[in-house]
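> Take a look at the letters that make up each chain.
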Amino acid sequence: MTASVREETGATVEQPSLGPAALRRGLSRLVAHPLFQLALLALLLLGAGQLSSGTVQIASFVLIAAIFAQSINLLTGLAGQISLGHAGFFGIGAYCSGILVKSWGFDVAAAVPVAVLLAAATGWLLSFPANRVRDVYLAMMTLGFGMVFFEIVREWNDVTGGTMGLPGVPAAALRTLTILGFRMDGLDYFRLVLLVTALVLLLMRNLTQSRIGRAFFAIHVSEVAAGSIGIPSGSTKQLAYAVSGALAGLAGALYAHLVGYLGPESFALPRSIEVLVIAIVGGLGSIAGQVLSATLFTFLPERLQVFAEWQFIAYGLILTFSLLVLPKGIGGLLFEPPRFIKPRVLRRAAGLTADPAALRPQGEAAESLVVEGVTMRFGGLVAVDGVSLRLEPGRITALVGPNGSGKSTLVNVVSGIYRPTAGKVRFGERDITGLSDHQVAAARVVRTFQDPRLVPHFTVRENLLLGAHRLLRHSGAAATLGLPGAIAEEAEHLAMAEAVLALAGLTEVADRPIDTLPYGTRRMAEVGRALLARPRVILLDEPAAGLSEKEMERLAQLIRDMKAMGLAILLIDHHMDFLAELVDEVVVLDSGRMIYHGDIAGMRRDPQVIAAYLGDEATHA
Amino acid sequence: MDDFFFSLVLAGISVGSVYALVALGLNLTFWTTKTLNFGQGSLMMLCAMLTVFLSSQGVAMALAVLGSLLVIAALGMFIERWTVRPALRSGGSTMGWVVSTLGFGIFLQGMAAKYFGSQAVAFPEVIFTAQDYVTLFGQYVSLQYLVVLAVAVVLILLLELFVRKTVWGQAVHAVSLDPELALVQGMPVRRIILGSFMLSSVLAGVAGVLIAQIGGTVDPAFGFDLVLLGFVAAVLGGMGSSLGALAGGLVVGLISKLVGGYVSTAAEHGIAFALLMLMLAVRPQGLFGRPEVSKA
Amino acid sequence: MQTIGRRALGGMAAGLAVLAAPGVLRAQGGTIKLGFTAALTGPFNEFGEGIRRGAEIAVEECNKAGGIRGRMAELAEVLDDQLVPDRAVQNLRRILDNKEIVGLMCPSGSGPTLAIADMAQADGRPFINPQAQTPAIVYPNGVDKPPRPNLFSISIGNLAESEKLGLALAGFSRIGVVHESTGYGVTGADLVRKAILARKPGARVTLESYNQRAQDMTAQLVRVQRAGAEAMLVIGLGADFAVIRRNMSRLNMNLALFGAAGAVTVPYIEGAGDLVAGTRAVNHAAFGRRPMHAEAQKFVDLYRAKHGTDRWYGPDAANPLVSLAGTVGSGYDCINLLLDAIRRSGGTSPAEMIAALDQTKDFAGATIPAVSFTPQNHVALKVEDLGTYEMLKRGDRVVLELRD
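From first to last, the protein sequence lines stand for chains A, B and C.
For the first sequence, the residue numbers in the working numbering are 1 to 621.
For the second sequence, the residue numbers in the working numbering are 1 to 296.
For the third sequence, the residue numbers in the working numbering are 1 to 404.
All clues stand as given, with none of them false.
When the alpha-carbon atoms are kept at most 20 angstroms apart in a straight line, the in silico DMTMM-like pairs for lysine to aspartate or glutamate are as follows:
1. A:563 <-> A:367
2. C:298 <-> C:61
3. A:563 <-> A:355
4. C:393 <-> B:125
5. B:34 <-> A:135
6. B:114 <-> C:310
7. C:200 <-> C:230
8. A:563 <-> A:553
9. C:99 <-> A:185
In case anyone wonders, no lab produced these hints; they're calculated from the structure.
On a predicted model such as this, the values are computed, not experimentally measured, just so you know.
Same shape as in the complex, but just chain A:
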C-alpha cells in the first residue's frame, strides 16, 4: 500500500529476430520435454559411475546449490521478497539434520524432513516481522536475520559445537553415511540428491504454474491489486517464506550429509550473497536458468583454480553488470519466458465450454451495498465528507466529480484499502467497514484501478485466471503435486476465463503477454479479471479512460452484460456521453461532499453541479 508499488509499464516489444528467438524456442521446448528430462536424468544417474569421485562430489554440490537457488527464486523471483540472510535457513537445515543424526541417532531419512520443517517454521515466523517492511528495509531485516543466526551458531557451544563446529556428521565424504540401513558412498549419495533435485524442480515448475505461483507473482507486482481480487498479501507471503525456508533447509540438510563437517563460517553472509548471485545471474523466475547458474558458479571456481586471484574481480564484475548485460539472466538468454498455466490444464479446458451466465449471482438474496456517512480524513485534509449512497443489484451508478473530488478515495474506502475515519459500509446485512481489501473481495465486492494493475509478464489469459484465484478451492499441495482434482478445478475456471475473454473481445490476444498490448486492451483485461472473481458488486475506477471509440463500445456492452447478470455496478468516469447511455443514476462529488444524487438528466440541470463540475468539464465531455 505504499507509493513505491509501481507498475512495470515499460513494454518490451520483442522484435522477431529469427535466429536467437528460434533458438530460444527450440531450447525451451527441448528442456520442457519430458523425454529429454528423463533422458538427462538417466544419463546423469548412470553416467555418474564413470566420473571420478571428486567430480561426483562437485556435482553433488551443484545440485545442492541448485535447490538452494530455487529457494531464492521462489521468494525473490516469484513473490518479490528480497533476502540477504538465506544462509540462515540453509544453516538451520544443516545443523538440525546434522545434530539429529549425529547426537540423537536419528536416521537421515527422518532427520532431513524434520530439518526441512524447522527451516519452514523459521521462515514462517520471519514472515511476520518481514511483512511489516519492504524494499530496503526488508533487505536489512533479512540481513539481520542471517547475522543473528550466525552469532547464535557461533556462541551456542553445547548444541552447535560453537566455533569449533560439528565434526563427524555421518556423510558421504566420510563414508559413514547410512540411510534406512543402506550404506551410501559418494556416488550413491549423488544419485539420491539428483533424484531429490529432480523432484524439487518438478514441484517447483508445478508450483509456478499453479494458483499459488500466480498469487506469488500477483503480490510481487502489486499487493494492492492482488488484494482487490481477494489474494491476501499477508498469508501469501507467509507461505512464500515458509516454502522458501523449507527449500533452503533441504539444501542445507543435504549439504550436511555431503561434507560431514559443519562450521559456522559456512553459514555466514558470503553464502547468502552467493546464492543470491546464483539466482540473479540464473534469471529470477527461470527454473532451468537457476540450475545452469548453479552449475556455473560451483563448477568453474573449482576447475579454474589458476584464476583464484581473479575470482573476486570476476565475481564483482558479473554482479555489477549482469543487470545491464543480461537483465533476465541466463534463463532469459537461453529460454523463452515461462508460462504460468499448466499445459494439462490448458488442454483440458479446451474441451470444456462455460456459459458466462454462470457468472450471474445465483441462489442468493439480491443485496445492496450501502455506504453510510463515510468520512475519510488524511491529517487535516478531508478527502471524503459524509458521503452516503446505495448500490443496488442490476443497477449502474455513476460516480462523477472533478479531479480530487474524492471519487477514488471513496472507492478505496469501500474496497478496504482505507479504513474510514467515520461512517459505515454495509453489504446486505454484513458490516464490511474496515475489513482488509482481500476480505472485501471475498465478500464479493471487487474493484478495478484507474491505472490497470496487471502482472506485466503474464499473458492476458493468465491475468484473467488470476481473478478466479479466490474461488479455487484446491490446496497448495494438490496444486503443486498436480493432482487430478486440482487440474479439473483449474480447467473449469479457465474455461470460464475463456468465456469472459470472448465477452471482452480478448480471445485473439489471449496468449500475448499483457505488457506487449495497448492500454485499452489492458483495461478490458482488468475488467475481465474483476468479473472472474465473481463479484456481486463491482467498482470500476475510470475504465473508459484512454479507450478508443470502438473499445468504449465494447466496454459499454460488457458493462451492460454485467448489469444483466444482476451485478451492482459503480462506475467512475468523465465521459458524460458514455455514462448517459449506461447509467441508472448519478452521484456527484465535489471536494469530498456529495452535491447531487439522481438521474443524469437532472444532474445536467442541477445548478450546483454545473457550477462545480460541468463548469470546467462540459467542454471536455
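With chain A's structure known, arrange chains B and C on it following the hints.
What follows is chains B and C alone, placed relative to chain A:
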C-alpha cells in the same frame, strides 16, 4: 557511576560516532534515490589503501588524502551511472541495485587485493596518534575518536543547513519526495542524484581514513563489517535522517558496549543485529524517521 | 606491496617449472607425487602461500640431491581454498581422486583442516599438518585417546603453546585472556586457562572474546581491567592484536602483554608501530637461537636465496622474522617428513609410509630441531621447541629477542 561504566559509555560513544559517520554517507544516496550503496565499505577501504599507497610514493599526507578522495568521488559517479541508474531504470521491484552495488564493492575489493596485496598494511596516523587523549571524568578519551565525533556532528549540522537553507538543498528535498515531479519542474535531477553519490562516496572516504588510523591497519576486506553496522545505525535512527544517523550510531555503540561490558563480550556483535530486527519489526521508520506515505 | 603480487607470480612460475620438470623420471616409475590445498590467495594467504613456498623449496632440494632412489619428488596437486572450508573439502576430494598422490599436507588454518580431517582419516593416506593448532585435528576423541592413524602434526599446537604460555604467565596471579571467537581462539583460551590453573590453582583468569576485525575492544579491555589483571594474553591474528594494542593505549592500560604465535606477525608490528615494544610472545624457538641449528640455517639460506628479504622473511638478512618458521618453515618440514618416510620405508603405500612416520625419531626439521612420532604420539612440537620472545625497538626496527 564507576570507571567501568564510564569507560564503556565513552567507548560506546566513540564507536557510535564511527557508525554514525558511515550511516551519514549511506543516507545521502537514500535521500535522492531511496538506494543504499552496499559496496560503501569498499570505498572506505579503497580510500584508505590509496592514501597509504600515495604516501608511500612520497606524496605529502594531506595531498595523499585529497587525491584519494578525488578518486573515490569519481568512483561515486561511476557507481551512480553504471550500477544504480540501470537498476532503477529496469524498474526492478527485486532491487537489482542491491546486487549491482554489492558487486561493484566486491570488484573493488578484488582489485585492491590484486594490486595492493591481500594482507593488512599499516595505516599512518593522519590526525593525532593513539596516545593522544584528553581526560574526562578521570577517563581517557581518545582524540582520534573525538575527531570522528566532531566530523560527524559538523557534517550533520552542515547537511541540515544545506537542506533547509539553500536552494540546492530544497531541490534535493524535492527530488527525494518525487523525482518525476522535480524533473517536470525543471530541476537538474540527474545532477542532483549524481552529486549525492559523489558526496556519499567522499564521506565514505573520509570515514575510511579516520577509522583506519584508529585501528592502524587496513586490508581489502576493511569496511565491510563497519558498513553493516552503519546500516544498523541508519535504520535505527530512521533512514535518511541526519540526526537519526547520529542517534542510531550512538545507540548501537552504547548498547553493544554496555552489553559487551555487563553481559558478555561474545554477545556484543549479535546484539546490534537483534536490535536492527527488533526496530524494523516494531518501528520500521526508526527513531527519527517519518513513516512512509501510504497511498494506494 | 606491488612486488608481492609479482613475487607470487614468480613463485607460481617456479612451481610450474617444477611441475614441468624432467621427463627422465617416468622411466623409473614416475615421480613421487604430493599434494595439498591451502589458502594460496585471499585475505589469509600469508599462511597458505607460505607453506607452498616451503613445500617447493623442500621438493627442489630433494630433486637437486637426485631424488629418492632415483625418483623425483613433485607437488602434483596444489589447490587454492582461500581458507573456505567447503572449497577445501572440494579440493581435497579432487586431490584424493589422484591415486598417484602418496602424501599430503593439511590446509593452512583450523577451519579448513577441521572440515577435511574426518575425510582425510577415511581416506587413509598420510597427512601432515603444518599450521592448524586445534588438538582435535590429530586427537578427535581427546588427547588421552589414540590419534587419527594417518594424521601427524608439526604445527604449534594449542596444547604445547598453552603449556608454554602458562609457564610464561606463571609470575602473575590475575590474568586476562582476550581471544578471537574462532576455533583457534576459543580452544587456545580454554587450554591456556587450564595450563595456568594447573600451575597456579589460585590464579584468576578472565576470558574475553572478540570477533575478527572488530574495530574497538574497549568492552573486553575494561572487563580485563576490572578483574584487576596484571597481565594480558591475546590469542588472535596480528591485525586484530594491533587494534587491541592501540585500544589499550587509548585507555592508558599498562600491563604485561603477551601474544600467541598467530598474533605476533607483521600486521601487528606494522599496525601497532612503536607500541609493540615490550610485548612478549610465544613462537618457535628455532629461529631465535643464535646460532640457529643447522637445518634451520639451511632453510633460511635457501629461502633468502630464492625469495630474498621479502614480507615473509623480513627486512633483515641476518635475522629473519621469527614468524618465517610458522608461515613457511612448517611447509618445508611437512614435505621433508613425508619424503623422509618414503626414503626410510622404501615404499609409497599408506601403510608403509605411516609405519615409517610412526617411527620417525629425531628427524632434523627447520622449525623443530628433533621431530619424533610414535603410534601414540602424532604431535611433534614440544614445549621446549617454543621460545618466549620480547619485542624491542632497535633503531627504527622492531626485533624479537628470545628470553627463554
